[in-house]
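Here the working numbering is used: the first residue of the sequence shown is -7, the next is one more, and so on.
Please keep in mind that the hints were generated in silico from the structure rather than gathered at the bench.
Pair by pair, the computed Cβ-Cβ distance ranges are:
1) K370 with K246: 31 to 39 angstroms
2) D282 with E183: 44 to 52 angstroms
3) R521 with Q441: 26 to 34 angstroms
4) R491 with S444: 20 to 28 angstroms
5) T87 with C53: 15 to 23 angstroms
6) K492 with V364: 33 to 41 angstroms
7) S501 with E183: 51 to 59 angstroms
8) R491 with L82: 46 to 54 angstroms
27 angstroms max Cα-Cα, derived BS3-like pairs, lysine-lysine:
9) K479 with K233
10) K489 with K13
11) K384 with K278
12) K54 with K80
13) K31 with K16
14) K328 with K278
15) K31 with K63
16) K50 with K76
17) K276 with K369
18) K404 with K528
19) K479 with K369
20) K479 with K454
21) K112 with K63
22) K246 with K479
Don't be surprised by glycine CBs; every beta carbon is placed ideally from N, CA and C.
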Amino acid sequence: MFEDIVVEENNLTVQQRNPKKSWKERVESMEKAWKDVFKTLLNDVFARQAFYISPCGKCGCKLSRIVIRCKTCSIFYCEDCDLKHHEKHLFHQRTLATATSSTCLLVHQFINAKGELFSKDISILCFKPEKCSNCDGQEQLEILPGDENIAVVNKDGDPNNISYLISEDLLRFSYLTKHNMPGTFLNKFLETLETLFEGFTPFKPINKIHFQNASRHYETLMHLIDNKIKLRDKTLCFSCKGIMLASHPDGNFKLYRLRSALGLLNLTSLYGNAVIAYDEDIEKHKSLIDSKIFKVHPGFFLHRYNNVLFFRASQVKLVVIQFSRQQDPTQEKYKKLDETGIMMRTCRHGIVDKAVNMHQGETFRHTHFIHVDLPEKKCSFLCGDVMCRYWKWAQKVALLFPEFQPMIKGMKPFLGRMHAKVHVWYCQILWVGHWMLDAALTLGEEQEQVFSKMSRYGSVTKHMGGASNHILNGPYNRCCFFWNAQKENGMVHQLVKRRKRISSKQLKSDFETYHLNAEVLPRLLEELRKTAEDYKTGRKQSKDDESPLQMAQKALEGYNAHQNP
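All chains should be built: construct the whole structure from the sequences, respecting the hints.
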């Protein structure tokens, strides 16, 4: 299939290739094009403002002193044609124009033959129901205008009394604006709407609370349509379906929430645990691990039995200390926060399929909770920033809890290639997935690309209370769905692009540069790993055992000591 899609550039003729222009040439060409048509555009804009007599666009009758302009239809109407058309086509931008004035017309306002305004009851457009909701009758159903008014956007109302109508197109526009420009504030968006048609249509301030609720529930309803009716799982990567190559969980501390915005806490999530897991589930998982592995310094802890903790004070002496609950010292750092961040998990192709809220900072327990269901997805590699430490901890957990052993036996640890740069050199050799078979050029940093966009939501969500944030509506659920949809739409293009990159001649060039061949690579890798193990276990030592981060730290400390003797 890919062979049919990929077009080799060498097969294209010179005429088929677009001539390359410099950035300056492209900008100058565009500026010249706009300058050439500016006068024509200006004349057209001025002409639209002028009052002139034109025949009715429907019946062709001659209009004398009154013209009804419909900007939506781009047609001039007479009084009769305007009534016949716009009592069925609502919310058009209509203007009553005379030689001396211009008046915006509301949905229910029309003009009689004398040029006078009058109001007419009209019904909101809706599909005719299959049967009557009162008597279940199915014959002679007809939609008639009722005696209750429905205000559009600018009238207070509530879901129980349908008197507040917001256009679905407007809600979708708000949805796209919010997610294509993360960090957009709702107040400024509504202010923009209020001034958008200023001077064209009668407009009053929009009720923020009702618009906010309508926007959230609109997104939720669209999600339920995809999930319940179209049977789409928006957390499923079509390229990883059945067999997942790699998964990368990571935490983000920019997506925190202030304790001062705690809000309501007794509400249920409209999204369930579609992406973000329930806090109760993660707490239950942490409690299970804490029952046998207590959070203390790893060099001192031995085991726990009946609320009695056995600590190793030194390599020789063993002491027993009665357990007592004390405040975690890390709480001082997060005392103003209700949520310190969020941990997300993404596949090799950037699809976010699971997340969990962090209330006390990022721990191995959060990573372990996200790690649990990966064997079911037949995931081969688990990527992480400190995988060299997490994997040993996960192995200890698997020994104490046999149900977690498939997480270790069926998967391989993968240290992210960028984060590995601050590890010691032998750690990079032993843990970086670049050296592993079947890794397929995986970076192990896929979640960082997700956070490059998700972090921009933090300026808005950090002030949201529980009712507005995760507990009721979960903006991060919607953010993940939008992100996944974008990645899915560009999946084919990205896969083809990656295939072309893999099929390059880089490997052959490296062989020629270093005078190697493919047969000697496994032997070189084995020797390199053996040397790395020797340095790790202390059988060999080197002055270069410090990580690049440690060397940079010492250099900065020395510079500071020199500047401040």
